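*Asks:* Mapping to the numbering used here: the sequence shown position 210 is 223, numbers consecutive.
Hints listed in this document are in silico derivations from the structure and should not be mistaken for laboratory results. Computed from a predicted model, the values in this text were never measured in an experiment. Misleading hints may appear alongside valid ones.
Unchecked claim - Think about it this way: if two alpha-carbon atoms lie no more than 25 Å apart in a straight line, the pair counts; the simulated SDA-like pairs of lysine to any residue are: (1) 383 to 91; (2) 437 to 357; (3) 437 to 450; (4) 316 to 84; (5) 442 to 506; (6) 383 to 242; (7) 395 to 512; (8) 320 to 362; (9) 483 to 278; (10) 395 to 250; (11) 362 to 450; (12) 506 to 384; (13) 193 to 165; (14) 437 to 356; (15) 100 to 341; (16) 364 to 80; (17) 506 to 307; (18) 364 to 186; (19) 162 to 137; (20) 362 to 439; (21) 364 to 384; (22) 490 to 450; (23) 490 to 405; (24) 395 to 86; (25) 100 to 80; (26) 364 to 379; (27) 100 to 251; (28) 293 to 512; (29) 293 to 343.
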Amino acid sequence: RLAPRLGHAPCKVLTADEREKFRSCSCAVCHLFGDINPTDEKGTQSASSRILVFNARLQNDTTHALIRDGVGIDRITGAAARAGSVKFDLEVLPAGAEFDIRLELRDTNEEDEQLLAAVLSEWQEGRAWLGGRVARGLGALTLDNLEYKTLDLNTSDSLMTFLQSDEPWSQSTIQPHWLKTRLQAINVRPVEDGTPPTVPRGWLIIEGVLQAEGPLLTNDTMASGASGFDHAPLLTRWGDWMHPVLTGAGLRGVLRSHAERLARSLTTHAVSDLDAFLFKCPACSPVENRPGAPLASCDALLKNVAKLPSDALVSDDHLCLACQLFGSTRRGSHLIVEDAPYAGEQPPKLKMFDFLAIDRFTGGGAEHLKFDALALWRPAFKLRLYLENPQAWELGWLALVLRDLEEGWLSVGFGAAKGFGRVKLRDWKATFGYLTPEDLPTGLDEPDTPGQSGIFKTAEVQGNSDEWRKVAGDWVKAFHQQVSSFERTELPKLAEDSYFGKVDGLYPVLKGDKQ
14 RLAPRLGHAP
24 CKVLTADERE
34 KFRSCSCAVC
44 HLFGDINPTD
54 EKGTQSASSR
64 ILVFNARLQN
74 DTTHALIRDG
84 VGIDRITGAA
94 ARAGSVKFDL
104 EVLPAGAEFD
114 IRLELRDTNE
124 EDEQLLAAVL
134 SEWQEGRAWL
144 GGRVARGLGA
154 LTLDNLEYKT
164 LDLNTSDSLM
174 TFLQSDEPWS
184 QSTIQPHWLK
194 TRLQAINVRP
204 VEDGTPPTVP
214 RGWLIIEGVL
224 QAEGPLLTND
234 TMASGASGFD
244 HAPLLTRWGD
254 WMHPVLTGAG
264 LRGVLRSHAE
274 RLARSLTTHA
284 VSDLDAFLFK
294 CPACSPVENR
304 PGAPLASCDA
314 LLKNVAKLPS
324 DALVSDDHLC
334 LACQLFGSTR
344 RGSHLIVEDA
354 PYAGEQPPKL
364 KMFDFLAIDR
374 FTGGGAEHLK
384 FDALALWRPA
394 FKLRLYLENP
404 QAWELGWLAL
414 VLRDLEEGWL
424 SVGFGAAKGF
434 GRVKLRDWKA
444 TFGYLTPEDL
454 PTGLDEPDTP
464 GQSGIFKTAE
474 VQGNSDEWRK
484 VAGDWVKAFH
494 QQVSSFERTE
504 LPKLAEDSYF
514 GKVDGLYPVL
524 KGDKQ
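Could you build the full structure based on these sequences and the hints that come with them?
*Replies:* This is the structure:
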């Protein structure tokens, strides 16, 4: 994906032509990693990979895996989405796990090494994610202690050393400043007409501190079982009570749910009747898999109403605005919400809470409904969001969510109805990465002295500043326009809604003798 911005032809896997995707490719990426569709036909330049990627082994054998539980939240009831069957768990390695990685280059040229250097520089800057569920906070990594070594096999002694040694790389010579030298030789090209939309144009990173106003608890069944409490906070590592964590999945759910509410509110205000809302609703509920239910997910409608197979390619016209930004089962998200590590005072303050349900008939305690919880008291966590190739309307939508998060309207974790999880965003900033000035979002000017992050230049804007409010205002207008013009063309319209046709019956408006 980076190759076209470095002056190379796009790989055929990025093309929209289905026939081209299965033909031999001679792009710079296939030259380095091997032809994506190898063939021995006459006239083709198919070759095997010039880079060998070895298994990355865990450095510390004492690192223990953890079990994480997750559940989808129903957008209407605010409780677990039981009908969607979205209760799940997974096994993960804790943050801080270190792996040794080794790559071998063979018969490469300068262009190969420049392309590899561009990728590795992204890893060094923390813009790399491996494994599953990366959009929900897992797999974030950084590359440290990078060394480039060479082994000359032109002499008989070095060749014998290579053949006799089980670890020939240990006899190689370190070449200092290899990465810096290769990056300096890179010539970035502007985006040309017809460039695939997946080619990088820029990115946005939001970093700040989430400060809880009171108790906060993200329940972990393993920690609760070990501590003896019914509910206990999620920890970065097993038994490490100094480093609790907020999961990216939980934060992402809170942000998406609030973003959906904003978009649906704008549409509700703009339309006049139920049928218009069903046709223009901009945000589905991703956990609602019943096609006839209110806010049915895009996947449920495409599968059961449009009869579109699960493996069929979809365009933006097949998805609501929320699925375009946050992703769906049909298309991955380009917004990544990472796990938020603890950033408060040490040691973290913990408070015990006892809960007892009241019997509505006797007024006493309800039998078997006594439970307790161990919660963090006013903790702080470091928030980090990453948005790739942001569009103006996406930035405006995100700006509205950040505004409400900054003002304390959102709750995170367990017990929101009990006053738990009220957080505010503070000390935050927005960093925009770009390759050429034309890549910057609309309304944002290139700074006189831009920063540098890998091959990208950077422009930084402090949150809640006059500069931010000025540029964000135009993006919010773009979001309003996007919501106003959105229609379900390829995406089937909703069958039902929980607001239109319901609220008027529950709360009739009295005007004299008429309703």
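*Asks:* Hint by hint, say whether it matches the structure.
*Replies:* Right, here's what the structure says about each hint:
no.: 1; hint: 383 to 91; verdict: 23 Å, holds
no.: 2; hint: 437 to 357; verdict: 14 Å, holds
no.: 3; hint: 437 to 450; verdict: 33 Å, violated
no.: 4; hint: 316 to 84; verdict: 23 Å, holds
no.: 5; hint: 442 to 506; verdict: 38 Å, violated
no.: 6; hint: 383 to 242; verdict: 12 Å, holds
no.: 7; hint: 395 to 512; verdict: 36 Å, violated
no.: 8; hint: 320 to 362; verdict: 53 Å, violated
no.: 9; hint: 483 to 278; verdict: 24 Å, holds
no.: 10; hint: 395 to 250; verdict: 17 Å, holds
no.: 11; hint: 362 to 450; verdict: 46 Å, violated
no.: 12; hint: 506 to 384; verdict: 44 Å, violated
no.: 13; hint: 193 to 165; verdict: 22 Å, holds
no.: 14; hint: 437 to 356; verdict: 14 Å, holds
no.: 15; hint: 100 to 341; verdict: 17 Å, holds
no.: 16; hint: 364 to 80; verdict: 24 Å, holds
no.: 17; hint: 506 to 307; verdict: 11 Å, holds
no.: 18; hint: 364 to 186; verdict: 56 Å, violated
no.: 19; hint: 162 to 137; verdict: 18 Å, holds
no.: 20; hint: 362 to 439; verdict: 20 Å, holds
no.: 21; hint: 364 to 384; verdict: 14 Å, holds
no.: 22; hint: 490 to 450; verdict: 22 Å, holds
no.: 23; hint: 490 to 405; verdict: 9 Å, holds
no.: 24; hint: 395 to 86; verdict: 24 Å, holds
no.: 25; hint: 100 to 80; verdict: 13 Å, holds
no.: 26; hint: 364 to 379; verdict: 24 Å, holds
no.: 27; hint: 100 to 251; verdict: 22 Å, holds
no.: 28; hint: 293 to 512; verdict: 14 Å, holds
no.: 29; hint: 293 to 343; verdict: 20 Å, holds
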